[in-house]
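Read top to bottom, the protein sequences are chains A and B. Note that UniProt numbering numbers the first sequence so that position 39 is 39, with each residue one more than the last. Note that UniProt numbering numbers the second sequence so that position 291 is 291, with each residue one more than the last.
Read the hints as simulated data drawn from the structure, not as lab findings. Every value quoted in this text rests on a predicted model; they were computed, and no experiment measured them. Note that CB positions come from ideal geometry on N, CA and C, so glycine has one too. Some clues are possibly wrong.
What the hints assert, rightly or not - Far from chain A, some chain B residues (derived; all Cβ distances over 12 Å):
1) E51
2) P300
3) V323
Claimed, not checked - Some, not all, of what chain B presents toward chain A, calculated at C-beta under 10 Å:
4) Y165
5) H167
6) L169
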Amino acid sequence: MLLRFLHRLMVLVASVAAASVVVFAFMRVLPGDPARVALGINASEQAVAQLREQFGLDRPVLVQYLDWVGGLLTLDPGIEFVSKAAIGPQIADRLQVTLWLVVCAMVLALVLALPVGIWMAVRHRHWDGVVLSALSQVGVAVPAFLAGIVLISVFAVRLGWVPSGGWVVPAEDPVGFLQRLALPVVSLSLVQAAVLARYVRSAVLDVLREDFLRTARAKGLRPVQALVRHGLRNAAVPVVTVLGLQLATLLIGAVVIERVFVIPGLGSLLLDSVAKRELLTVQAVVMVLVVAVLFINFVVDVLYLVIDPRLRTAPR
Amino acid sequence: MTARPVETEAVADEHAVLSVDNLSVGARHTPLLHDVSFTIGRGERVGLIGESGSGKSLTALAVMGLLPEGLQASGDVRLSARTPARRNLLGVGEREMARVRGDGMSMVFQEPMTALNPTMRVGDQVAEVMLLHRTQPSRAAARRRVVELLEKVDLPDPAHLARSYPHELSGGQRQRVVLAIALANDPALLICDEPTTALDVTVQATVLDLVVRGVEARHAAMLFITHDLGVVATVCERVLVMYGGRIVEAGPVQEVFADPRHRYTQGLIGASDLTGAEGRRGRAALPTIPGSVPPAGRFPEGCVFRTRCAHATQRCETLPPWVPRGPHPAGETAYGHACVHPAGGGTT
């Protein structure tokens with residue numbers, strides 16, 4: 001078990017290292033000199049040379065890479081070309097906002113999808129199971145931003161219960177924070193819940209057909225007891241896989257919802273930096289997202305080991 | 001069905017642990033079991049044989065109340081011990097039925113590789129059935145009893161084995177664990193559905209021996225489903241032959257195997273050749289029953305076997321009555337056949 005855990009951890013570290021190379025190389029391969037790109041075509045040759053020297057862009061690529069990685073490891077990805085603002089604190093601020101959105105949306109999606117998915121599976125031969133299944137199918141097809149726009153027009157514009165967008169810091173105005181969090185979280189989670197519920201349904205349906213569930217019934221467990229005690233843990237492996245994928249998609253896909261609701265999240269920072277051609281900021285944000293996704297995958301792998309004992313001992 | 005003298009039935013029921021009367025099972029438009037009637041007494045081991053698709057497993061599942069969704073059972077199934085007021089189990093609700101399963105009667109299934117929960121320790125799976133029915137006062141007591149039970153089914157190092165997961169055990173070991181679960185609460189009736197079919201031949205004999213020892217020690221009744229006539233001969237005292245969802249012949253194993261009356265039984269025994277390889281050497285290929293088992297619900301009217309029977313006549317188009325062959329303490333359904341031109345001593 002410990003050996004397998006350490007193995008996964010090594011895979012994580014190696015993937016992060018590899019990702020840093022790819023992200024760095026990709027940004028440098030883009031045509032044009034970063035300093036020139038940042039300053040624009042009207043800047044003087046002298047200003048560009050000065051910026052290049054200031055940021056060490058004239059040094060060998062390997063040295064630049066090591067310098068950048070060193071900065072990342074000390075959580076200091078440097079400053080912006082033009083504004084000279086520190087990148088680290090910006091990312092920290094924006095990441096916080098996005099995490100609120102993503103985590104709340106995922107938790108809400110899970111809370112909705114688990115009972116609904118199980119119900120759909122258990123009642124798959126009855127009308128209510130079929131109706132729920134059809135509804136979830138529709139939910140899968142609705143994009144989050146559309147749900148967001150509909151929610152805004154109903155709850156913000158027509159009913160006026162909540163603001164249509166914007167953001168406040170939770171510590172300063174908890175009520176306003178929750179009001180502004182509600183709609184984006186609901187629009188993100190509805191779609192995710194629909195997708196997740198379908199996976200929960202099929203995982204539970206598979207498990208209901210298992211022989212060991214019949215054994216559990218033969219022991220004297222009632223159908224629901226048998227499913228809860230013996231079925232759900234076995235159904236969890238495919239569900240955790242999807243959960244990991246969804247979390248990654250949410251993290252990156254939140255950018256659209258951040259635009260719809262005018263929320264200053266990580267996605268907005270990325271788009272703004274691209275527009276301003278702030279290469280170092282783009283590079284740092286992309287790296288943060290990549291590391292987050294790799295870390296989610298690592299957690300999913302570890303959860304597999306926790307859930308299924310067969311994966312712990314199987315030799316590689 | 002045949003009319004039976006009332007007094008015989010009363011006598012039969014008195015010592016019967018399980019009595020099944022006119023059990024029929026079917027999907028909406030497809031009848032699958034017809035008027036299945038039999039009893040099993042305390043300490044009695046009864047075999048249920050027949051080809052695949054004859055309704056053996058369905059009979060067991062109907063008795064356990066574990067029929068798949070969409071199938072309905074009618075008739076009368078009674079278990080003498082620990083049954084809610086000796087009621088017909090087919091009319092008992094799920095909650096009460098669950099109290100009987102695993103306690104008054106239990107079941108061992110065919111496929112040991114998938115019968116246990118892969119994510120739960122083996123010992124916990126055995127302990128669960130005792131804690132569920134409160135036959136052990138505490139978790140600690142149940143855990144101690146688990147080690148005893150695993151020891152009783154000849155598993156090596158039971159204390160250590162109780163902490164393993166199913167995938168760390170072989171098929172034979174897993175089936176022993178399933179047996180330990182089934183016997184944990186000293187059931188009055190044990191149903192075994194082909195418990196050794198999926199096991200290596202070398203392991204089969206030891207597992208069979210454990211089943212018989214476990215049942216004997218508890219003086220429990222056993223219904224043993226198999227298509228292996230050799231296994232029936234070693235394990236059971238009495239046998240029920242099933243075809244097309246009906247019991248076509250029943251009786252003591254020795255009598256039925258040595259002198260079968262129903263043409264289907266005769267065919268089964270001919271195809272099995274219990275004399276073994278020695279007797280077979282130099283002879284022609286094993287005789288077979290012509291044709292194949294029809295799909296569910298497509299059995300003919302009248303005698304269910306007549307479409308494959310070489311002796312079939314027009315008389316077989318009406319349902320043959322049950323012909324008792326001799327007196328039997330378990331009643332006349334326990335010894336007889338349903339064939340109008342039986343083999344052996346019968347009239348043609």
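Against the structure, the hints come out as follows:
1. E51: Label holds. Min Cβ-Cβ 22 Å, cutoff 12 Å.
2. P300: 31 Å, holds
3. V323: It holds; B:V323 is separated from chain A by about 36 Å at its closest Cβ, greater than 12 Å.
4. Y165: At about 4 Å, which falls below the 10 Å cut-off, the nearest Cβ of chain A leaves the hint on B:Y165 intact, so it holds.
5. H167: 5 Å, holds
6. L169: This interface hint is violated because 12 Å lies over the 10 Å limit.
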